[in-house]
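Novice: Those protein sequence lines, which keep their order, are chains Z and X.
Residues 73 to 351 (the working numbering) are what the first sequence spells out, left to right.
Residues -18 to 103 (the working numbering) are what the second sequence spells out, left to right.
No lab work stands behind these hints: they were computed from the structure.
On a predicted model such as this, the values are computed, not experimentally measured, just so you know.
The reader is advised that the hints may include incorrect statements.
What the hints assert, rightly or not - Simulated restraints, written as ranges between beta carbons of each label pair:
| id | chain 1 | residue 1 | chain 2 | residue 2 | range |
| --- | --- | --- | --- | --- | --- |
| 1 | Z | G300 | X | A7 | 17 to 27 Å |
| 2 | X | A61 | Z | T279 | 29 to 39 Å |
| 3 | X | A61 | Z | L244 | 41 to 51 Å |
All C-beta atoms, glycine included, are put in the ideal place defined by N, C-alpha and C.
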Amino acid sequence: MKKLLLTVAATVLCGGLQLTAFAGPNEDLKEYRDLFMKKFPSVPFQEFANGVYAIDKQQRANWEQIEEFPPYEPYIDQGKALFETAFKNGKTYADCFPNKGIGIADRYPHWDKKRGKVMTMELAIQECREANGEKKLPYSKGKLVSIEAYMAYTSRGKKTDVVIPTDDPRALEAYNKGKEFYFTRRGQLNFSCAHCHFQNAGMLVRTDRLSPALGQTTHMPKYRSKWGAMGSLHRRFKGCNKQVRAAPFKDQSEEYRNLEYFLTHMSNGIELNGPGARK
Amino acid sequence: MRRIVRNLLLTVPALLLGGMLPAPPAAIADEAAMAKEGKSLAFNRKKGNCLACHAIDDGVSPGNIGPPLVQMSSRFPNKAAMRDQIWDATKRNPGTPMPPFGRHKILSEGDIDRIAAFIWPL
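Let the sequences and hints guide you as you build the complete structure.
Specialist: Below, the structure written as structure tokens:
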């Protein structure tokens, strides 16, 4: 364990960032937030929810125009219809979730102590289907993501609130695994996530401006013009892995769920504004 | 024209510093041909894609993660040292985002030579 933290700290330090060696989630939160607030002093904390559009005026103007007729709207409608359609056994998704599944996106991802794993909303929707005798839906895009978009939509205005419980050491371990993933170089091109979204946030890769890690998870799932459709957070993870020529992991794999746990925790306190629209 | 003169001025002492003998005309022609290939390799998104991070010469829409590639001969003692930066940038800066083009076999040794030939006189 000590070794893992050391590796993480060493990587971060090498990236030119002065982060504390043995920081826990609370210390991380403060440090990462300070780092981004310092890097982008004119961006108010809640604005980070808008990702790259919080820091790029020109792209923001285009995006605001797109938001007038949001490309994700039809997906919310489709998701709502699917959400409200009863399973063959007469039950619905609402029966699987607290508050009938409305306005609960702030509860994800969370540590499931009984099962010893990080639960994401997408996985919970899938498991709800299976528990009701329905067949699995593909992850990443399609109907499952539309349902997620609808559930995210009903949660707008709630705040990110990821808890790393202290009564189960495995929760901290999952968080730390996500953190290690984030700071580990991978792929032939040898990048860590942090190289692009910490160290070089705000810089340009050709014409792509790199968004800060802070706030990246608030607007998921998202419609992406490049995809011409909605996609999940894990779909984006896969894309970011592939572009550095690293093998992507599977949707809802332990690696990506832990990564989601770490990354979402960073945005605690930032309002949920999903689904989003991105370039 | 000014640029050529500047490049010559920068290149000649550098060649001397690099401990190289005055190159025969054929070698100069080779070097020019290599530099030309190097330029297209450096700009090609599937090869060097150096423009992702560096402003270079007349490259279109460069990124700005790395410094503009200019005056290389005042930045490095010789071409080999600059080539080494391209081969594995983590040697000089362990936290660098610059991909280790040689160490990770992103580019062949020959292609790195060509890119170095292009970058060095800039």
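Novice: Is it true that the C-beta distance of G300 of chain Z to A7 of chain X lies inside 17 to 27 Å, as the hint says?
Specialist: Check failed, 53 Å falls outside 17 to 27 Å.
Novice: Cβ-Cβ distance between A61 of chain X and T279 of chain Z: within 29 to 39 Å?
Specialist: holds, 33 Å
Novice: I want to verify a distance hint. Is the separation of the beta carbons of A61 of chain X and L244 of chain Z within 41 to 51 Å?
Specialist: holds, 48 Å
Against the hints set out earlier in the document, a violation occurs for number 1 only.
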